[in-house]
Structure formats: C-alpha cells, structure tokens
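Participant: Model the placement of chain H on the given structure of chain Z, informed by the hints.
Here's the letter readout for the chains.
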Amino acid sequence: MRDQGLLLVLALFFSLAAGLVGCIALMRRMLLAGDVISHLALPGLGLAFAFKVNPLMGGAATLFLGTFLVWQLQKKTGLATEAAIGVVFAAALAIGAAVTPREDLAQSLFGQLERISPAGFLLGLAAVLFVIVSIFLLRDQLSLSIFSTDLAAATGVRIARLDLYFLLLFSLTVLVGLRFMGALLASALIIVPSATARQLTNKLSRFFLLAVVAGLLSVTAGFLLNALVFKLSTAGPMIAILSAVLFSLSLLGRAR
Amino acid sequence: MTNRLLSVTNLSVSFGNREVIHDLGFEVQEGDCVAIIGPNGAGKTVLLKALLRLIPYRGEIRWSAGARLGYVPQKIAADRQLPLSAKDLLAAKARFLNLPATELQEVSSELSLTTELLSTGIGALSGGQFQKVLIAFALLGQPNVLLFDEPTASLDELTEERIYELLHSLQNDRGMTILLVSHDLSIVYRNANMVLCLSKGKTCMGPPKEILTPAMLQELYASPPQYYQHVHERWREGDSGIAQEREKR
Numbered sequence: 001m002r003d004q005g006l007l008l009v010l011a012l013f014f015s016l017a018a019g020l021v022g023c024i025a026l027m028r029r030m031l032l033a034g035d036v037i038s039h040l041a042l043p044g045l046g047l048a049f050a051f052k053v054n055p056l057m058g059g060a061a062t063l064f065l066g067t068f069l070v071w072q073l074q075k076k077t078g079l080a081t082e083a084a085i086g087v088v089f090a091a092a093l094a095i096g097a098a099v100t101p102r103e104d105l106a107q108s109l110f111g112q113l114e115r116i117s118p119a120g121f122l123l124g125l126a127a128v129l130f131v132i133v134s135i136f137l138l139r140d141q142l143s144l145s146i147f148s149t150d151l152a153a154a155t156g157v158r159i160a161r162l163d164l165y166f167l168l169l170f171s172l173t174v175l176v177g178l179r180f181m182g183a184l185l186a187s188a189l190i191i192v193p194s195a196t197a198r199q200l201t202n203k204l205s206r207f208f209l210l211a212v213v214a215g216l217l218s219v220t221a222g223f224l225l226n227a228l229v230f231k232l233s234t235a236g237p238m239i240a241i242l243s244a245v246l247f248s249l250s251l252l253g254r255a256r
Numbered sequence: 257m258t259n260r261l262l263s264v265t266n267l268s269v270s271f272g273n274r275e276v277i278h279d280l281g282f283e284v285q286e287g288d289c290v291a292i293i294g295p296n297g298a299g300k301t302v303l304l305k306a307l308l309r310l311i312p313y314r315g316e317i318r319w320s321a322g323a324r325l326g327y328v329p330q331k332i333a334a335d336r337q338l339p340l341s342a343k344d345l346l347a348a349k350a351r352f353l354n355l356p357a358t359e360l361q362e363v364s365s366e367l368s369l370t371t372e373l374l375s376t377g378i379g380a381l382s383g384g385q386f387q388k389v390l391i392a393f394a395l396l397g398q399p400n401v402l403l404f405d406e407p408t409a410s411l412d413e414l415t416e417e418r419i420y421e422l423l424h425s426l427q428n429d430r431g432m433t434i435l436l437v438s439h440d441l442s443i444v445y446r447n448a449n450m451v452l453c454l455s456k457g458k459t460c461m462g463p464p465k466e467i468l469t470p471a472m473l474q475e476l477y478a479s480p481p482q483y484y485q486h487v488h489e490r491w492r493e494g495d496s497g498i499a500q501e502r503e504k505r
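Line by line, the protein sequences are chains Z and H.
Sequential numbering of the first sequence, starting at 1, is according to the numbering used here.
Sequential numbering of the second sequence, starting at 257, is according to the numbering used here.
Check the hints yourself; a few may be wrong.
Said to hold, decoys possible - Straight-line alpha carbon distances no greater than 27 Å define the calculated DSSO-like cross-link-like pairs of lysine-lysine that follow:
(1) H:Lys331 with Z:Lys76
(2) Z:Lys75 with H:Lys465
(3) H:Lys331 with H:Lys456
(4) Z:Lys203 with H:Lys331
Keep in mind that the hints were calculated from the coordinates and are not lab data.
The following block holds chain Z by itself, in its conformation from the complex (with noise of 0.2 Å):
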C-alpha cells in the first residue's frame, strides 16, 4: 500500500516532467525520440549486470554517454537530433544486445510500477523536479531557440550548450520513467500530453499547462481506475489508455 502512495506520487511528478519535456520535444520534432533515446541505457545495464553493479548507474552512465554522443555528432556534422539519435541508438542497441543475457535485457527494458525504495523514491523525485524546474528557468532561450537559432543566437542565447542541457534534461526524464514508471508508460506519458494539448491551443503558456493538466489528470484517473475496477498488476496500462482517450477527446476541441 506505501509502496502505491509513493508510487502515484512519483508517477504525478514525473507526469508533470514528462509533460514539459514532451511539449519542447513536439516543437522540435523529437518526439519519438524518448523511446528510441531509452535504448542508449541498454549496453550500461548489460554491462552492470555482468559486473553486478546496480544496473541505475550503469543505464545512467551509457545513457548519458550516448546523449553526449548525439550532441557531439548533430554538433559537428549538422545532422538533425533525430538522425544522431538514431545513429547512436543502433549502436547502443546492438552492443547492448551483445552484452546483456536475454531474460535481463527484457527486464531491463521494462521497469515496473509495483516495487519502490524510499531510497529510490527520493532520488526518483529530485531528478523530476530538477526537470521541472530547469525546463521553466529554460523556456524562453528553448522558445526562441526552435523558433529560429539564428534569432535566438542573435540575441545571446548560446545554441549548442542549450542543445545540451535539453538533451541531457530528456535523457534524465527518460531514465527516470524506464526506471520506475516503464519504457511504455514513460513514452506515453512524454508523447501523447504534448500532442494532446497542440490540439487545443496555440498559445506557448496553455500548452504546456494543458499538457501538464492532462499527463496529471491520465496518471490519477489510471491510478483510481486500476484501483478500483481493473486491478490489473500495474496501473501502467490503464495510464497510457486513459491518456490515448484524452488525445481522442481534443481532437474535438481543435484550434486553429
């Protein structure tokens, strides 16, 4: 029962993340990419496995390498972060592969939405709100940035130390939601608020609100839902439904 206190409230935090990152990600066409971008952590957990290291700090460590690569490569030759990510993401799948036994790989892939330390809990928590906090310190230089470099250079934002910090702050956010939310539920919860909200706004303000309102509104209506009716093993699923159902309903509301 602590265990899904401490859970829902980690997984409303992290809606709130996953919210404000998925609407920087949709602006810049990125969006698919936190499900691609999670694969980075795959040759670290195989190699922690090996060594038996705690597979967080492995993951963390090749997830973090491999978005510095992707920074490096759309850095230096001008390729666009998804085809870096891409790159890098082939790489990292295959040595993670190689690496890593079959039953922990897909474990490692899917983190589960039962079990969580309070340990685990915190760290969890102070990685997201770091999150939220630096996407709001950073979204007018992310704003003009992806609305043209060349203005936002023009006007003193230092482009690619920026391309950096976003996507190390999507790597953290991805990691977090692999960790304790699952692969599934942390794409979900990136990609379909954000979406959810361009249908009903074109206003930057309201649509990371409404993207917020709605990955929150998901995780505690899948939460109860679960609770309540289905009781499925994990609220995952229903949370990545419920919000699948938000996005249907906005497309009612249509700005144009």
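Facilitator: Same frame as chain Z, but now just chain H:
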C-alpha cells in the same frame, strides 16, 4: 562629425572549400543607412550573419562599444505549426534579456501591433504581419543598429511601402544605423546614403550616385541592363528619400 560604428578588415568567410566572402573591408559611421547589394550568392546574407557573429569567419569585425544590434532575418524557416503566438515570441525575448515590462508595450504600439495580432499564432499571420513582428522582435532591447535582410521580399507593394516608411522613421526618430540587404535598387537609392556592393571577387563602396551607375551595375550583376532601366524609372519617384536629404545637408 560622425563616429565610426563598425570597422571590418580582411573579412573572409568560407563554407568548406568555397570562399563566399574574400578579404572584405569597410567602415560604417553612426547614423548611416548602408545598403548591401550584389547578385545571388555574393554573400550578402552571409556578411550579415558574420557581423552578428552567427557564423565563423576570419579577419576582424570591430563594433564600437555600446553598439546594440537588432536583426531582421530574410526568411524564417519556422515551423508554422508551432504553438507560439506573436506575443509569446516577443515576451520570451523580453524576459530573456530582463527588459522592463513597458518595453514590450512600447514596441508593440510603435509598430501598431494590436492585442488581437499579438495573440495570433505565428502560423496564422500574414506575410506583412509576420514581418512586423520580426521587426518588433529586433527592436526589443533598444538596439541602435538594425541589420535588415531583404525586409520586403515576397510582400505586396503596399506592405513594402509601409515597412520602408517604418525604416525611415526608425532612422530619423531614433537615429538608428541601418545595414540593409536589398535586391530592389530603387529602394536602395531612396533609403541608403552608402552602398556596399558584393560580387564575386570584387567589392565597392560609396554613395548611391556613384555606385548605382549603369556601368557599375552592369559589372556587378554581369547581366542585361534591365536593372538600370528599373532603377532609372524609380529614381524620379524617389525625390523625398533619405539619400537626397543627406546630400542637401
């Protein structure tokens, strides 16, 4: 007595093996309106970007202390689907630069940006409205130099006229220095007091009367003389332009 605002020496810009600007040097005085002309691919936009330090270059670009640059780019490849209103964009710059809240209002009223226009998504703005928003964006932060890249490309004549009226008033009322890239030589003749021409391997600088001659244009554009005809026709219309006013002074 005017003060030197910008001095450029031995400026070269290359992309890979291709050198777009080679060993360029010129100076701009405070209050000048310098038109940068030249055929496609001569490096006009590249020059503006180098002056803004948006791209790597060799040589020296020295702005005087206190120069605050505003930039109106030629084209924005902005995603028209972005959930950004005109106000979102202007407010983001104002907040990023810690400008007082009143400045956004002042710039908006100076450019007659209505509340309705400000709350419109950038994707739904007309070409002229979008251009006005870009100019407002450039004016935030009270620049004293405006770098203007083809400000009226793809706009209808009436809107074009309004944009240039605005340019006039910025220069006259605020004493702004303007660097203007333009293809339209009549506009150049009417607005600029100096012309910088860029062409492959050759550059020249001087007052419009000296630079915009048929022979110079023929050499610059290496093309049939329709440019000359065009300019000639519009010269007579341009009697109230800044260039002439300056000559009187």
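Participant: Determine for every hint whether it applies to the structure shown.
Facilitator: To see whether the hints hold, each was checked on the structure:
For the hint pairing lysine 331 of chain H with lysine 76 of chain Z, the CA-to-CA distance comes to about 24 Å; that is within 27 Å, so the pair holds. At most 27 Å may separate the alpha-carbon atoms for a hinted pair to count; lysine 75 of chain Z and lysine 465 of chain H exceed this at roughly 45 Å. Only pairs whose Cα atoms come within 27 Å are accepted, and lysine 331 of chain H paired with lysine 456 of chain H is accepted, the gap being roughly 23 Å. Between lysine 203 of chain Z and lysine 331 of chain H the alpha-carbon distance is near 22 Å, which keeps this suggested pair within the 27 Å criterion.
Going down the numbered hints, you'll see the structure goes against just number 2.
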